[in-house]
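Enquirer: Spelled out from the first residue to the last, the chains are:
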Amino acid sequence: GIKRSTRETRSVSAALKQGQITPIELCQKCLSLIKKTKFLNAYITVTEEVALKQAEESEKRYKNGQSLGDLDGIPIAVKDNFSTSGIETTCASNMLKGYVPPYNATVVQKLLDQGALLMGKTNLDEFAMGSGTTDGVFGPVKNPWSYSKQYREKRRKQEPHGEKEDSNWLITGGSSGGSAAAVSAFTCFAALGSDTGGSTRNPAAHCGLVGVKPSYGLVSRHGLIPLVNSMDVPGILTRYVDDAAIVLGILAGHDPKDSTTVQDPVKPFMLPSLTDVSKLCIGIPKEYLVPELSSEVRSLWSNAADLFESEGAKVIDVSLPHTSYSIRLPTHPRTLCTSEVASNMARFDGLEYGHRCEIDVSTEAMYAATRREGFNDVVRGRILSGNFFLLKENYENYFIKAQKVRRLIANDFMNVFNSGVDVLLTPTTLSEAVPYLEFIQEDNRTRSAQDDIFTQAVNMAGLPAVSIPVALSNQGLPIGLQFIGRAFCDQQLLTIAKWFEKQVQFPVTQLQELVDDCSSVL
Amino acid sequence: MAAPVLRWGCSGTCSALAWVYGVSRRRRGAPTGSTSNWIRGQSSLAQQPLHTARKPRKGEHEWAAVVGLEIHAQISSNSKLFSGSQVCFAAPPNSLVSFFDASLPGTLPVLNRRCVEAAVMTGLALNCHINKKSLFDRKHYFYADLPAGYQITQQRLPIAVNGSLTYGICVGKTRRQVTARTVRVKQIQLEQDSGKSLHDDLRSQTLVDLNRAGIGLLELVLEPDLSCGEEAATAVRELQLILQALGTSQANMAEGQLRVDANVSVHHPGEPLGVRTEVKNLNSIRFLAKAIDYEIQRQIKELEDGGEILNETRSFDYKLGCTVPMRDKEGKQDYRFMPEPNLPPLLLYDATSLPAGADSQQVINIDQIRERLPELPSVTRERLVQQYGMLPEHSFTLLNEVGLLEFFQNVIKETRAEPKKVTSWVLNTFLGYLKQQNLAVRESPVTASALAELLDLLDSKAISSSAAKQVFEELWKNEGKTPSQIVSEKKLELMQDQEALEQLCHSVMQGHPQVVMDVKKGNPRAINKLIGLVRKATLSRADPAVIKATLEKQLSCHGSCPPA
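Quick note, the sequences are listed as chains A and B, same order. The opening residue of the first sequence carries number 1 in the working numbering; numbering runs sequentially from there. The opening residue of the second sequence carries number 523 in the working numbering; numbering runs sequentially from there.
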């Protein structure tokens, strides 16, 4: 095993300060890993030159003793639905192939201002619509755990004469699967994802990572190409809770370019090491115990609750009655999602930027052909249903009802938190990652509805949540659990997550067979 | 003109100056565009009184027309409604376009405080209820100059509702009396303007200019309380004056800062309202009146001929002076309204609801805006009537002509002449010259100071009023001379030398003994003849009253004491 410390941002940062490693060396190591793991398809664009130039500047700062902080010289990756100035931003769609934004998303700018090195733009489902990172125009992303020692050994035992190994690779989950794979394969220390219904937490769980979905309004969405504006938040994928806290501390706060961000100043994030959880109250929502939940996840969830209880925390069953709408009747609140999607996608008409068809008979014909060529079936399907819900005759029946359900779901959470619960503990996903060939048996809509049943309600209520890797399944694959906190109590949430992380001691991915030097950056 | 033709075009390129593409032109949806065809139209509203337009035959009902207006006023602000781009008329194409205005993905709207204040101010001036909470919505339609595919507006809960607009309309046989009428203001909402599409017919291309895209608009919806073109035109003119007084919009129709659509229907009084049409492309107040009156007559004729009125959008063809249907192939548009998720509800406060310790930069206080309201046109008119004793209709004329009130006030400031005299000179002589030559006040060759000086000369009896008219005509030629210079060059000053006048009177009397005889015989008109002769001899430089007195004095002693 490799020591955890060598893969933690703060330790690497300390090593950079002490000169044990230089930013350029670190950058080159990561670039070489990116090349070795290219087959994972984690990156759409690798920004080698940008990263090396940033590394040079960072190196100068370190030499002059003027480091910008914990992120100076640290390689990061950004999901390809965040605008990056001068760097192609595609949303994994034909519609935006070749589109080079002239500005940086606020979150990207904040990371760059801290001296972080941008390694590249990561793969996703087209316009972040999906839960597998299998439906982008650049192809699916492979879960690095498919190639881990842990998984391979188990498979060999289970199927000694198994089929060809490579056809059995696993999905990363999604839609931020590229970011998850990039962090999981050690090509960077943190990556930005986006989370509209679980798109950060879901791949985090499948790739054995920490996935943070901040409170709505804590982090600027300016420059994040929207899916559902009222639910989207930039997400953070890291290997450790502390790393996520460093990044969130930098990203959090009011942005004059995003009117939905908090007005009050945000205090810097420092996670205390919690030693005593006896004053905490952990809620276990009973509606989350669904028949589809795998027995392994179920028992890990139950063990986690027991762990808190054994350490003196109060663990109680709580009820989120309306959550069943988001679990059982996914069509209802999803109405809001598709309607916003339909609206947000209206701007892609081929006029100002992005793909434009050859047809020029009339404006309407040009729009239609451009959009047919530019969007995949999933995106077009959501645009169609979204527009259907917004039609005058349907608005009351669908949109208004969905808004009411959304309010009821948010109220459920409020009631639980008002009753004294500090955080909720739930599964993140129904099971561990599945092989790609199995995953594509079902269509995108059905899969998305299954895959976000534990995560979607949080977005409707605007609450912070984090998925923490807990243990490996019998198959040797990571399983995550989710903590949900009070709105804008992100720091408390991460403090509890950090305590939990320390207790469970989740193992490191062993990718030696894949890349000999992958796990030892230093 | 009525039916734009689908054309083949060539594929366009994306350049820094303009987004070009070759396609058909077809326009639907909200803010109406403006064109450059206009006539300075403040007065001379061609108006046919509705009920006399067509005499009802025996047994036939009279017709009544119902007119409602939707008005878009561009907010006068430095930057756009939701972005930091500058607002400026006639800047080079696409030079004032932010990433948000071009709808680059990931950009978000940030509400401009100035635009909100302008909406509140306008709402207060129009006696509206200001909603302390209002919401923004997206209105969807595809058009090349609407880059986001939707317009951000306030459909569900607008910023101001339930107001009224009072305007004065000329009545009576001579149409010189003014009577007040009121139209209800249904609502005022904040919304984005669209860009402009310019159709290059020769190259079959459409050029898109986004300079206008995202400028703040006030959409004012007037209830259908109007009944003819003149009422509509007068109400709009009053609104224009109010907006200009407030400074919330320059409200220049020619520059598209004020755009008016009219909903028109006719019915028999006492019966349900008729089917209405919407008339667009009204880019001057004069055309507004003409288009509405045309449309009313067209509908009446259509119905009387046994036809029916279609619920359609019609465009006013200013060349033909009639309305024509606008082609809308796909029929009714569903705008698929949806709440704008990127803007929190717009909250306004007043003195009672203002949160303690609120940062005045962060909140908008309705009461504070109310205190800052300037004098409104109706109050100004009242003041003019009170202060200067002018007739109400004069106060209307003074305000209706752009810059005329200011001109009047400048003259008043600089002259000793009576306000009534000033009013008469400004409204009759000065305005008459302007009208004759179709000039605006700011284009006048005669300055306020020059007129003031002229009126001073008249007031001090240095010149006669006929000489004053002559001086004015000279001033109009704009040769850089002051009134005094003109008076002395042309020798127009009144004769101040009584002795010389007496001499002149004497010689006229001697030259016309017959007339003198007539006077003495008691013919009352004979003295006028003498006065005229003396005036002629003075080259009109003597005051007729003084001439008369001098003549009378000489006549009375003529018989008894012949001149020495």
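Derived by calculation from the structure, the hints in this document are not laboratory data. Beta carbons: idealized from backbone N, C-alpha and C, even for Gly. Incorrect hints may have been included.
To give an idea of the interface, some chain A residues facing chain B are shown, with a C-beta separation under 8 Å as derived from the structure [as the list claims (entries may be wrong)]: (1) C281; (2) I284; (3) F488.
Computed footprint of chain B on chain A, listed as stretches where at least three residues anywhere in the stretch have a Cβ under 8 Å from a Cβ of chain B [stated by the list, open to error]: (4) 136-143; (5) 218-226; (6) 254-267; (7) 390-399; (8) 451-457.
With a straight-line Cα cutoff of 30 Å, these simulated DSS-like cross-link-like pairs (lysine-lysine) come out [as the list claims (entries may be wrong)]: (9) B/K991 - A/K97; (10) A/K401 - B/K655; (11) B/K802 - B/K1003; (12) B/K655 - A/K392; (13) A/K404 - B/K1003; (14) B/K1051 - A/K401; (15) B/K943 - A/K404; (16) B/K708 - A/K401; (17) A/K149 - A/K97; (18) B/K957 - B/K1003; (19) B/K654 - A/K392; (20) B/K943 - B/K991; (21) A/K110 - A/K17; (22) B/K718 - B/K654; (23) B/K708 - A/K392.
Enquirer: Hint by hint, say whether it matches the structure.
Expert: Taking the hints in turn, this is what the structure says about them:
For A/C281, the interface hint is violated, since its Cβ never comes within 8 Å of a Cβ in chain B; the closest pair sits about 31 Å apart. Proximity of A/I284 to chain B is violated relative to the hint, the smallest CB-CB distance being about 32 Å (cut-off 8 Å). Proximity of A/F488 to chain B is violated relative to the hint, the smallest CB-CB distance being about 15 Å (cut-off 8 Å). For the stretch 136-143 of chain A, the stated coverage by chain B is violated: 0 residues have a C-beta nearer than 8 Å to a C-beta of that chain, whereas at least 3 were required.
Given as covered by chain B, the stretch 218-226 of chain A passes the check, having 6 residues with a CB less than 8 Å from a CB of that chain where 3 are the minimum. Residues of the stretch 254-267 of chain A lying with their CB closer than 8 Å to a CB of chain B number 6, which satisfies the three-residue condition for coverage. For a cut-off of 8 Å, the count of residues in the stretch 390-399 of chain A with a CB near a CB of chain B stands at 5, and the three-residue condition holds. Figure legend: the stretch 451-457 of chain A, annotated as covered by chain B; annotation inconsistent (0 residues with Cβ-Cβ distances under 8 Å, at least 3 required).
As the CA atoms of B/K991 and A/K97 are separated by approximately 75 Å, the hinted pair breaks the 30 Å bound. For the hint pairing A/K401 with B/K655, the CA-to-CA distance comes to about 22 Å; that is within 30 Å, so the pair holds. At most 30 Å may separate the alpha-carbon atoms for a hinted pair to count; B/K802 and B/K1003 exceed this at roughly 48 Å. At roughly 24 Å between alpha-carbon atoms, B/K655 and A/K392 fall within 30 Å of each other, so this suggested pair holds.
Only pairs whose Cα atoms come within 30 Å are accepted, and A/K404 paired with B/K1003 is rejected, the gap being roughly 77 Å. Restraint check: the Cα-Cα separation between B/K1051 and A/K401 comes to about 94 Å, which exceeds 30 Å; the hinted pair is violated. Restraint check for B/K943 and A/K404: not satisfied, since their Cα atoms lie roughly 70 Å apart, outside the 30 Å limit. Distance check on the hinted pair: B/K708 and A/K401 sit about 28 Å apart at the alpha-carbon level, within 30 Å; holds.
At most 30 Å may separate the alpha-carbon atoms for a hinted pair to count; A/K149 and A/K97 exceed this at roughly 36 Å. At most 30 Å may separate the alpha-carbon atoms for a hinted pair to count; B/K957 and B/K1003 meet this at roughly 23 Å. Of the supplied pair hints, the one linking B/K654 and A/K392 holds, its CA atoms being roughly 27 Å apart against a limit of 30 Å. Restraint check: the Cα-Cα separation between B/K943 and B/K991 comes to about 13 Å, which is no more than 30 Å; the hinted pair holds.
Of the pairs offered as hints, the one joining A/K110 and A/K17 holds, with about 21 Å between alpha carbons and a cut-off of 30 Å not exceeded. Proximity of B/K718 to B/K654 is assessed by CA-CA distance (about 33 Å); at most 30 Å being required, the pair is judged violated. Taking the CA atoms of B/K708 and A/K392, the gap is near 22 Å; set against the 30 Å cutoff, the hint holds.
The structure does not agree with the numbered hints 1, 2, 3, 4, 8, 9, 11, 13, 14, 15, 17, 22 stated previously, though it agrees with the rest.
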